[in-house]
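Now for the letters of each chain:
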Amino acid sequence: MSFRSKSRAGITAAAICVVVAGGFPGVLVAQSPDASLPDTAVPTAARPSEDQQAESAIAAVFSDDPLGQMAALEASTDDAEAPLELFGFADVGYSKPFWSEESLYAGSGLDARPYFHVGNLNVYVAKTLATRWRFLSEFRFTFAPNGAPSASTVNGMVDTSVPDPADVSRPFRYGSIEIERAQIEYELHSLFSVAAGLWLTPYGIWNIDHGSPTVIAIRRPYIVGEQLFPERQAGIQLRGSWHTGSYRLQYHLTASNGRGPIDTVRDTDTNVALGGRLELQWRGASIVHGGASFYRGRYTDRVVPKFDIGMNKALSPILSQFDEQSFGFDVQWDWKRLAVRSEFVYNLKVYDDARRRLVAPGQYTPDQQRFGMYALAGYRFDFLGVMPYILYQDYVPDDGPNVYIVRRFQSYHAGLNFRPVPRVVIKIEYYRAAFPGALQIVRDAETFQGLDLQLAVAF
Amino acid sequence: MGMISTRSSPHLGTRRAFLVAAVGGFFGWGRIGSVRAAHDADNRFAIVVSRAFPLSDISFPELRSVFLQERNAIGQHRVLPLNQPTGTRSRVAFDRIVLGLAPDAMARYWIDRRIRGLSGAPKSIAPELIVRVVARLSGSLAYVPVSQLDTSVKTLTVDGKSPNNPSYPLRMRA
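Chains as they are written, first to last, in the numbering used here: chain A, 1 to 459; chain B, 1 to 174.
These are calculated hints, taken from the structure and not from any lab test.
In this text the structure is predicted, and so the values were computed from the model without any measurement.
Since no wrong hints were added, every one of them can be taken at face value.
Mimicking EDC-like on lysine to aspartate or glutamate, the simulated pairs with C-alpha atoms at most 16 angstroms apart in a straight line are:
(1) B:K123 x B:E70
(2) A:K336 x B:D104
(3) B:K123 x A:E85
(4) A:K349 x A:D301
(5) A:K349 x A:D323
(6) A:K96 x A:E429
Example chain A residues on the side facing chain B (calculated, C-beta under 7 angstroms, incomplete):
(7) L136
(8) S190
(9) I208
(10) G211
(11) G245
(12) S246
The beta-carbon is built from N, C-alpha and C at its ideal position, and this holds for glycine as well.
Assemble the whole structure, with the sequences as input and the hints as a guide.
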């Protein structure tokens with residue numbers, strides 16, 4: 001480096017010092033008694049105070065974009081870009097039925113031998129896409145169709161064993177994935193948001209709670225399991241909430257393909273199924289929810305369309321078709337450690353006379369009405385989070401062919417829900433059922449009773 | 001000097017003792033008083049927002065529903081609650097006083113919400129940063145012990161009561 005260039009570098013350094021000194025006079029004065037000594041000032045500026053470090057950390061965490069900041073915070077993340085959220089729940093269980101292998105129930109496909117099983121393995125994938133935009137999906141991994149009834153096999157059960165090409169063709173069993181929900185949500189306002197895709201039908205309590213660590217008892221109530229409302233629907237859902245004081249009013253309005261054989265991907269008729277829910281919550285000394293839900297839709301099962309050259313048009317004959325409507329009421333009361341839940345649901349199916357389903361030679365499915373209720377009460381003690389509970393169910397299945405066997409289910413359950421830590425739940429439940437008005441063969445059968453154990457975790 | 005003084009007046013020792021006692025008492029009581037004041041300031045939560053936030057009051061039910069993630073707006077104003085970290089004294093006390101839930105019940109509440117497909121708990125911010133974050137982030141809402149307040153943020157009244165009001169609801173039991 002020549003003298004001239006050294007000199008130029010020196011001038012540049014001096015200029016920088018002047019700028020730095022001018023820009024941070026306070027720093028120079030405070031940190032360096034001699035303002036003419038830039039060597040003292042520069043390291044001071046390079047080593048910010050703790051307060052500056054904190055501010056830098058905040059600046060690093062939150063970008064300058066307010067929407068980005070909000071999205072990042074709403075996503076509970078430290079990044080401006082919200083990460084993919086992965087969480088879920090799983091449960092394993094042990095069931096001990098108390099009926100014999102020769103009983104009527106065993107002959108109806110209900111296992112008589114005690115067995116271990118993996119119940120739910122549900123994984124959620126969610127992401128806050130931007131402020132007001134969110135994606136939520138839930139997948140259930142199952143062993144199905146392994147063990148499902150099959151008329152084409154010798155033992156009457158599907159065996160999914162296939163050769164594993166990655167392991168010298170040793171057998172392994174494949175399973176399946178059920179898409180529980182996949183929805184894209186946009187919130188325009190607290191009074192108005194929309195979810196499009198496949199979503200759980202907003203009715204009652206159990207269908208939304210649905211996760212084994214969240215629901216108190218082990219088995220789904222009949223009225224939920226029998227799907228008097230569709231469990232999920234493909235379509236759009238509008239929802240919103242309005243608060244005043246300790247009250248919150250929530251609404252849901254739904255439009256979907258309705259129920260059908262392929263309703264997650266196609267609507268087999270031109271009828272849009274409509275539904276809705278209104279829920280009022282009061283949060284004071286106790287928490288009370290009351291809700292009312294309805295659903296109205298058309299079920300159509302038809303042959304895949306085929307073009308008929310002779311008639312010069314596509315034909316898609318309808319195999320069966322009915323209109324259905326459901327309504328339900330639910331109430332939930334939490335007072336200190338006491339929890340009470342109850343739902344009532346009604347469903348009516350009215351067939352098109354020309355399109356009733358043939359169930360036996362000369363016998364067609366009649367119109368059906370199904371209804372039922374359950375009531376559950378539990379009290380959670382401080383001691384290890386133990387909650388003893390009782391559950392009562394009453395369900396009238398339908399006026400269909402089954403009416404000749406069982407007219408009504410009544411079941412009584414008593415159990416313990418033990419949540420030693422918030423993410424782990426252990427349940428033990430005894431159940432006993434009765435079938436009033438059933439055929440003599442059912443009334444003479446062994447008592448329908450058993451014991452279930454379940455270990456559920458949220459992860 | 002002291003010896004001379006002592007000798008010069010037999011009452012001086014008594015007077016000095018009185019003076020020492022009086023001064024000591026004054027400072028002692030003062031210290032106890034200031035400790036009490038500081039303790040009291042630690043036992044009250046202030047609800048803070050950025051200075052640009054248009055509201056100056058929040059009702060107790062609004063506060064509860066915001067921190068339970070049941071709503072994300074007060075009137076037309078979008079709000080974003082910020083928590084103290086899990087397990088901290090402030091978080092535990094706030095959850096008990098405002099949300100009415102003990103830590104285990106609170107954890108169950110958030111887990112169950114996630115399983116229902118709803119949002120989880122509000123984001124937690126380190127206690128030493130929370131005031132600064134609120135000051136910078138319009139719409140954010142947080143609770144801090146009154147002793148940690150500074151002028152960079154605005155304190156909301158709760159049901160019309162300021163933290164100095166004896167019937168202010170966000171007060172921990174001593």
